[in-house]
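> Okay, here's what each chain looks like letter by letter:
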Amino acid sequence: MKRRTFATVLGTAPFINLLPMGARAAEARPQVIRISFPGAGTGGRPIVGGSFPANSHLQRAIDEEFKADGIRVEWKHFPGAGPALNESFANGLTDFAFGHGDLPLIVGRSTGLKHKVLMSAGRGGDSYFVVPAGSTAKSLTDLKGKRIATFKGTAGQLTTYRFFERFGLSDKDFKVISLDSDSTLAALSTGDIDGTVRAPFDVEARGVAHRIHEILNDPYITRPSTVWVGEEFEKKYPEVVQRVVTRLVKVAQWSTLEANREKQLQLWATSGTAYVDYQKGWESTKDLRDRINPLLDDYYQASIRNSIEEAKKYKLVRRDVAFDGWLEPRYLNNALKDLKLEDYWPQQAADGKVKVPGRKL
Amino acid sequence: MISHRLRPTVVAAASLLALTSLAHAQGAAPAQDDQATIDAKTPATKADIQGLRTDLENYKYEQARSAERNRAQTTRNTKITGTVQLRATWQNPAQNAGAANGATSGNTNYQATPRQTSFDVPSATLQFTGNLYRDYNEGKNLTYALGFAYASNQSGNPTSLTSATRTLGVSASNGSQFNLTNANLAYSFFPTNGGQEDAKGTLTFGQQLVPFGLEAQADEEVRPVINSAQFSNTLNGISQRQIGLIYRGDSFVDVDYTNNYRQALIEYAAGVVNGSGPNKSDNNGKKDFILRAAFTLPADYNSWLRQLKVGASYYRGYTNIANTTSNAVVRIAGSKVKGIDISWTHLPWSISYEYAQATDDALVGAAASATESSPVYAKKAKGQYLNLAYTWGEQFLASEKSVAKYDDYWPKSYQAFVRLDSFDADTRDAATGDKTVIATLGLNAFFAETTKLQLNYLRTRNDEPTTGYTQNRPRTINGVQLQFQYGF
Numbered sequence: 001m002k003r004r005t006f007a008t009v010l011g012t013a014p015f016i017n018l019l020p021m022g023a024r025a026a027e028a029r030p031q032v033i034r035i036s037f038p039g040a041g042t043g044g045r046p047i048v049g050g051s052f053p054a055n056s057h058l059q060r061a062i063d064e065e066f067k068a069d070g071i072r073v074e075w076k077h078f079p080g081a082g083p084a085l086n087e088s089f090a091n092g093l094t095d096f097a098f099g100h101g102d103l104p105l106i107v108g109r110s111t112g113l114k115h116k117v118l119m120s121a122g123r124g125g126d127s128y129f130v131v132p133a134g135s136t137a138k139s140l141t142d143l144k145g146k147r148i149a150t151f152k153g154t155a156g157q158l159t160t161y162r163f164f165e166r167f168g169l170s171d172k173d174f175k176v177i178s179l180d181s182d183s184t185l186a187a188l189s190t191g192d193i194d195g196t197v198r199a200p201f202d203v204e205a206r207g208v209a210h211r212i213h214e215i216l217n218d219p220y221i222t223r224p225s226t227v228w229v230g231e232e233f234e235k236k237y238p239e240v241v242q243r244v245v246t247r248l249v250k251v252a253q254w255s256t257l258e259a260n261r262e263k264q265l266q267l268w269a270t271s272g273t274a275y276v277d278y279q280k281g282w283e284s285t286k287d288l289r290d291r292i293n294p295l296l297d298d299y300y301q302a303s304i305r306n307s308i309e310e311a312k313k314y315k316l317v318r319r320d321v322a323f324d325g326w327l328e329p330r331y332l333n334n335a336l337k338d339l340k341l342e343d344y345w346p347q348q349a350a351d352g353k354v355k356v357p358g359r360k361l
Numbered sequence: 362m363i364s365h366r367l368r369p370t371v372v373a374a375a376s377l378l379a380l381t382s383l384a385h386a387q388g389a390a391p392a393q394d395d396q397a398t399i400d401a402k403t404p405a406t407k408a409d410i411q412g413l414r415t416d417l418e419n420y421k422y423e424q425a426r427s428a429e430r431n432r433a434q435t436t437r438n439t440k441i442t443g444t445v446q447l448r449a450t451w452q453n454p455a456q457n458a459g460a461a462n463g464a465t466s467g468n469t470n471y472q473a474t475p476r477q478t479s480f481d482v483p484s485a486t487l488q489f490t491g492n493l494y495r496d497y498n499e500g501k502n503l504t505y506a507l508g509f510a511y512a513s514n515q516s517g518n519p520t521s522l523t524s525a526t527r528t529l530g531v532s533a534s535n536g537s538q539f540n541l542t543n544a545n546l547a548y549s550f551f552p553t554n555g556g557q558e559d560a561k562g563t564l565t566f567g568q569q570l571v572p573f574g575l576e577a578q579a580d581e582e583v584r585p586v587i588n589s590a591q592f593s594n595t596l597n598g599i600s601q602r603q604i605g606l607i608y609r610g611d612s613f614v615d616v617d618y619t620n621n622y623r624q625a626l627i628e629y630a631a632g633v634v635n636g637s638g639p640n641k642s643d644n645n646g647k648k649d650f651i652l653r654a655a656f657t658l659p660a661d662y663n664s665w666l667r668q669l670k671v672g673a674s675y676y677r678g679y680t681n682i683a684n685t686t687s688n689a690v691v692r693i694a695g696s697k698v699k700g701i702d703i704s705w706t707h708l709p710w711s712i713s714y715e716y717a718q719a720t721d722d723a724l725v726g727a728a729a730s731a732t733e734s735s736p737v738y739a740k741k742a743k744g745q746y747l748n749l750a751y752t753w754g755e756q757f758l759a760s761e762k763s764v765a766k767y768d769d770y771w772p773k774s775y776q777a778f779v780r781l782d783s784f785d786a787d788t789r790d791a792a793t794g795d796k797t798v799i800a801t802l803g804l805n806a807f808f809a810e811t812t813k814l815q816l817n818y819l820r821t822r823n824d825e826p827t828t829g830y831t832q833n834r835p836r837t838i839n840g841v842q843l844q845f846q847y848g849f
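Chain order of the listed sequences is A and B.
Its first residue numbered 1, the first sequence is counted upward by one per residue in the working numbering.
Its first residue numbered 362, the second sequence is counted upward by one per residue in the working numbering.
Isolated chain A, as found in the complex (with noise of 0.2 Å):
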């Protein structure tokens, strides 16, 4: 287990003022901050893209934020995906989460792990199931009986399951095998696997395979991935908990501009994701804020609660997920108050509509 010793002065008044009386008497600051990711690029390099979240590592925006203060900056990215940082978190070795999908923080909860959801990562884009080149399967029941890939613990097992459940199918009627995302490519290109969840683009410029459904910017599909702290960090250093929030909310809204698209692209494209996934995948997203959204509005909150059915319903938690108490939007408040952003994002209705439209740019 890591040590932390605890710096001793005060470096940041003008935060304190802001903060409620009971995180006024919480230490200062830390000489880490521990920022994992459930993730990792190609080959297991150190890099994803995908999100605002992903920016403020490629941009070092985090580490900026605090170079001044001596706090270093340890950015973790789990090939393991979602459950690694479980893992990580549960053995006190994370401090924040950027993107954590939705079954494996629902899970975690479930089992005991204490954190406080600070904003939403991401959310919305399309969905495609994919075959291998060879296959002569027309629609998911051809595929009946057969193997399909998905990287189990993660948010990626339960939008399989959703796609199932669209064509009126469920996880009985296949041979769900568990893979990563690069084991995952490599079976669709040698014909081990019949069929999984994912980008298309790259895999049909290179003729590996091909998409036999497409589901476009559908709510129910897809899900918002998460911002989390957790609970002890949060309570030690709420005013580093806010400088945090507040960076990344920048990195958002600069995430969201039009004359940004292109670089943040490439700049996902370095993790060895296909730059054309990206770029085709993000065509059809005219409104950057669409996806690029860190609310925890009632879209967010109503698709936390669906997935935590979801989950009890796949038997993948054994108990209650409480949702009260879990969610902690004072630090987005704040953030977005400071930034002058309040009504910069669209605000979703629990059904995926826009209830109040961002503001006009």
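Accuracy of the hints is not assured; some may be wrong.
Said to hold, decoys possible - Calculated cross-link-like contacts (lysine-lysine; reagent style DSS-like; alpha-carbon spacing at most 27 Å):
{"#": "1", "chain 1": "A", "residue 1": "Lys235", "chain 2": "A", "residue 2": "Lys280"}
{"#": "2", "chain 1": "A", "residue 1": "Lys146", "chain 2": "B", "residue 2": "Lys501"}
{"#": "3", "chain 1": "A", "residue 1": "Lys67", "chain 2": "B", "residue 2": "Lys766"}
Treat the hints as calculated values from the structure; they're not laboratory data.
Fair warning: this is a prediction, and the values are worked out from it, not measured in the lab.
Take the given structure of chain A and dock chain B to it, following the hints.
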């Protein structure tokens, strides 16, 4: 008023406007776009594609050339691994010379004088494992293992029971042995590619470790203490690899999807083996049998009760009793080993306890005059150990071990432990000089992926033989062992 002779500046401006319009019409980037946007809108030329094609061809050529000239090849999927131990030891009182083997008569193969220190390479192993048949559909694979181990013949250490085994035992002129260790085929009857929730079941045929307790089935590279528990080195049947057929499996599997933590309520093993040890045909007409079952308490990953396991093992064997004068086998003797084990691992803490009791038919009288009617008695031996450990660091966490890094990063771990290990080779009150208790304090530093540094302090206490303590069997021995173990 506009002149019909246009001024040059107007012409220039008009030309620029026309060019800009043309550029827009052709999809060129407007001036305000950043470089990334301009790049995204710029189509590749044929020359660009040819350049890429050349790079690809060069890469393919290099790969083919390298594969043909510089890479080792195997017929089947193969993984090569190995472990080497480098050790320095000190002990007090000094280890006695090997008088029994004539060492003091000038035979340089033997230890001629007492010594307190030694540098050793006690073990070096080489393993080949791989797939002979890979079942892509269900993962019911046929795998193989082939292993060799070097062992020093002068591996003197403070825990050996007698002078001869402690210091000598030389049988090869170069002072070492190189033996086949693992040689087996394993077939998985259960799917292995469905996910962690699938039960396991594998039948292994050939030479292999025996599924008895915890320590006897731990491979050399994962044993926590430099010296294995005394009983696991000594008792008939379980102290060595055996040749035979063993089925290992588990049932009632539960996965905590928090971190994909897998636990099986029941693990089991059953097998039939020769019982005569490695690299030997069966030395009698009876086969030995092994049974083991272990129960793991169902618990979430975050529960303090996770990885609490209780196991029971049973080995039924047959050994040959010989007349040591004629070397004729006069009797096939029964041999039983029963054991229980409890282990709990919840990092940073881990505890393991193991108890084993052996019952062997043994001659009442002298072996030199034994006949088939010589009376035998049930000789009982018992051994147990308790190991408590505290670990700092992340090396035993799958998430931290696999965390993405560019360099040769490996999380470091440090482990402090204490072990109490007791063994009584004959539990009869009248039998003395055969009970040893070893207390070990240790520190393990796991500082690279396959390398650890182990420092053990051992205090060995022997019970007194009827003839009194000797140089070969002093009352206490203090020893220090420092060992690097590296693997590849």
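> List in ascending order the numbers of the hints, as given earlier, that are violated by the structure.
Hint 1 alone not satisfied by this model.
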